[in-house]
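Numbering-wise (the working numbering), the sequence shown opens with residue 37 and increments by one.
Since the hints were derived computationally from the structure, they do not count as laboratory data.
Owing to the predicted nature of the structure, the values given are computational and were not obtained by experimental measurement.
One or more hints might be untrue.
Simulated crosslink set (SDA-like; lysine to any residue; CA at most 25 angstroms straight-line) [said to hold, decoys possible]:
(1) K193 / I83
(2) K94 / V52
(3) K45 / D104
(4) K98 / K195
(5) K62 / L80
(6) K146 / K45
(7) K98 / L80
Label-pair distances were calculated between CB atoms; the ranges are [as the list claims (entries may be wrong)]:
(8) M179 / G103: 27 to 37 angstroms
(9) G167 / E102: 36 to 46 angstroms
(10) L127 / Y163: 20 to 30 angstroms
(11) D95 / N156: 42 to 52 angstroms
(12) D72 / K94: 16 to 26 angstroms
(13) N165 / I190: 16 to 26 angstroms
(14) I190 / L127: 23 to 33 angstroms
(15) V182 / G68: 29 to 39 angstroms
Quick reminder that beta carbons are idealized off the backbone N, C-alpha and C, glycines included.
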Amino acid sequence: MKKISIEIKWGVIFSVVGLLWMVLEKVAGLHGPYIDYHLYLTNLFAIPAIVVMVLALKDKKKNFYEGDMTYGEGMLSGVVLSLVIAILSPLTQWITSYIITPEFFPNVIKRSVELGFYANEADAASYFNYGNYARQGFLMALMMGVITTAIVMIFIKSKSKK
């Protein structure tokens with residue numbers, strides 16, 4: 037457990053940052069009156085997500101590998117971190133969907149039908165629901181975490197050979 041304590045710590049930090057982002061989206065009206073902009077502005081979460089991943093990998097390099105981390109070691113750490121985030125994602129999605137912004141799914145369902153993205157509310161509800169978002173969140177956390185790690189480790193890896 038000590039080997040992955042840094043990844044667990046940063047996985048929790050990532051999840052808290054994600055929840056704070058959802059609060060920000062709600063306060064900004066992106067889950068209500070400005071829902072039309074949500075599709076575009078929610079992608080800005082990539083910025084804090086990448087920052088957290090970079091900080092996590094730098095923490096692992098400094099405090100576990102004593103400043104000398106290979107690309108492979110960083111990739112392994114990033115994959116473990118991505119798994120932690122993915123495992124926590126159904127919980128963070130539940131908190132988002134049922135506590136922070138329970139009006140999001142009804143609002144986005146209604147608006148997506150009004151805009152013609154779906155023929156009716158039942159079709160829209162089959163996409164915009166907790167279960168679907170929890171599955172997508174899990175898979176996206178894994179995929180984007182590994183891709184981000186692969187890129188970030190090009191810059192964070194130690195220059196010296198072990």
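Going through the hints against the structure:
no.	hint	in the structure
1	K193 / I83	holds (21 angstroms)
2	K94 / V52	holds (19 angstroms)
3	K45 / D104	holds (21 angstroms)
4	K98 / K195	holds (14 angstroms)
5	K62 / L80	holds (14 angstroms)
6	K146 / K45	violated (38 angstroms)
7	K98 / L80	violated (28 angstroms)
8	M179 / G103: 27 to 37 angstroms	holds (29 angstroms)
9	G167 / E102: 36 to 46 angstroms	holds (44 angstroms)
10	L127 / Y163: 20 to 30 angstroms	holds (21 angstroms)
11	D95 / N156: 42 to 52 angstroms	holds (48 angstroms)
12	D72 / K94: 16 to 26 angstroms	violated (38 angstroms)
13	N165 / I190: 16 to 26 angstroms	violated (38 angstroms)
14	I190 / L127: 23 to 33 angstroms	holds (32 angstroms)
15	V182 / G68: 29 to 39 angstroms	holds (34 angstroms)
Going through the hint list in order, the structure does not satisfy hints 6, 7, 12 and 13.
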